[in-house]
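All chains should be built: construct the whole structure from the sequences, respecting the hints.
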Amino acid sequence: MQPFSYVEPRSRAEALRLAQAYPEARFLAGGTTLVDLMKSGVVHPPMLIDVNRIGGLDEIEAAEGSLRLGALARMSDAASHEAVRTQAPGLSESLLFAASGQLRNMASLGGNLLQRTRCLYFRDRHFPCNKRAPGSGCGAIDGENRALAVLGTSAACIANYPGDFAIMLVALDGTVYLDGPAGERAVPAATFHRLPADTPHIETVLAPGEMITAISLPLGALSRQSRYLKVRDRSSYEYASVSVAAAADFAPDGTIRDARLALGGLAAKPWPVTEAALLLAGRRPDDPVAMGRLMDAAVDGARPRSGNAYKVPQARSAIRRAFATLARRSARSVA
Amino acid sequence: MVAPRPDTAFAVHDPLAAVTLRLTVNGAVTEVSVEPWTTLLDALRERIGLTGTKKGCDHGACGACTVLIDGRRVLSCLTLALSARDGAITTIEGLAAPDGTLHPMQRAFAEHDALQCGYCTPGQIMSAVAVLAEADAGRPSAATDPAHRVTGRAVLDEREIRERMSGNLCRCAAYQNIVAAVREVAEATDPSRP
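First to last, the protein sequences are chains A and B. Counting from 1, one number per residue, gives the positions in the first sequence under the numbering used here. Counting from 336, one number per residue, gives the positions in the second sequence under the numbering used here.
Simulated from the structure, these hints should not be mistaken for laboratory data. Some hints could be false.
Coverage of chain A stretches by chain B, computed from C-beta distances (three or more under 8 Å per stretch; other residues unrestricted) [what the hints assert, rightly or not]: (1) 6 to 15; (2) 32 to 46; (3) 67 to 81; (4) 87 to 95; (5) 99 to 113.
Just so it is clear, the structure is predicted and the values come from calculations on it, not from any experiment. Here a beta-carbon is modelled for each residue, glycine too, at the ideal position from N, C-alpha and C.
Below, the structure is given as structure tokens:
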């Protein structure tokens, strides 16, 4: 690692003041992405602002139909929290299916939203990469791209967003709370990440000096019947080739009243499929016409490269399987 | 440089400065000199001389460097020594009793021959000790049926053990015996069993 200075504020205001005073500084929470990338020479901030000792940013509470998760809550603690498990089981799954026990104990939820792509060209500074070194080119488009995105890509970048938690958060209409030089604001999770277009190095709407303070999502019939399905090369401790965050509210006759869907692993950012509610309303998950339309909408505009065309049929199957599982779980809970 | 204010409780503004820290390792307070970029792993091995904790990938991918901080398993290669100064750190050297009696997990790994080269073993054992504590606390894993209401210890069958231990890689692939060792200790110490 390149040498850096280290400051440890005890208040949010002081952390934000430091971030404004040192624009090149980075916030340190769990460190599982940042320290790794600093060791690889991919990023080299001259200062780390360790925010772990700021009080009040790690609380998890469920009240009045809403779940609020502090940005410094750790993945393992959020996944195990009683309210998360019972009222948003898909969110708990999205955390438990990610990383390893050790990493989940370290990684914060705010940092998890900000984790960087696993694209090999981004992570190896000997290759060109428009995300790491703007203007240097993309090694992946005509290179090793089996793991990378087919949706939301650009001529500059085909990196995929690697996270799991953000996919479920987007499916369940979550919100990300920010604080910074211009004050506090709330951003829908679905618009927090940006598409690469011609600036793939800018990955979110976070302004300079802004930090994530909390994450929230509505609790209700959808969150209670949510499911995270992750398809990957090995059965644990692996990134998704494709993942499906699905939620459905079933009527007693087994038809769907309302539904949500977002995809991960195959897109440049968490990928909401906003047509899900309309296409599935009044239908059953085993209705081939409705499900076919949903699968078509989900991968509409996909642009496969030499190594990743398999992700399109994989996503279609995973979508059908996720809703079938939700229907089974719903029937089981009614029985 | 902006002068630190009272609510910046701790700061190292000179990136090249060595800082003297007090780390609590295996119950003993040790003074150690580190730089801001010194990882806990390097502090343990190179500065304190506790070489039981292993450096495998050094990037958070293999689990060989697993230690406990306040009873929680973490990767010491991705933890800055500065960040760890408030916690109670436990390494493989701290598991056995002062008289040398091995921890049940150490004994089970030896009895089940749960290793070949042994390089990943300290991390495997530290992780396994934490897995039992997590199960005792009723914490779920990806292998836990979401409909199952956990009360008391989560059941540690083979599938659960493999899932919960997946952050510890063994290039010799001694997994079969690692699972057997963890399972034996889990069953022997299950508070719900008569």
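Check your understanding: Are there three or more residues in the segment 99 to 113 of chain A whose C-beta lies closer than 8 Å to some C-beta of chain B?
Key -> Our answer is that it holds, as 7 residues pass the Cβ test (under 8 Å) against chain B, meeting three.
Check your understanding: Would you say the segment 87 to 95 of chain A counts as covered by chain B, given the rule of at least 3 residues with C-beta under 8 Å?
Key -> Contact hint for the segment 87 to 95 of chain A vs chain B: holds, 3 residues under 8 Å.
Practice item. Check whether three or more residues of the segment 67 to 81 of chain A sit with their beta carbon closer than 8 Å to a beta carbon of chain B. Key: holds (count 3)
Check your understanding: How about the segment 6 to 15 of chain A: do at least three of its residues have a C-beta closer than 8 Å to a C-beta of chain B?
Key -> This one holds; 8 residues, not fewer than the three required, reach chain B with a Cβ under 8 Å.
Review point. Taking a Cβ-Cβ distance under 8 Å as contact, does the segment 32 to 46 of chain A have three or more residues in contact with chain B?
Key: holds (count 7)
Checked against the numbered hints given earlier, the structure satisfies every one of them.
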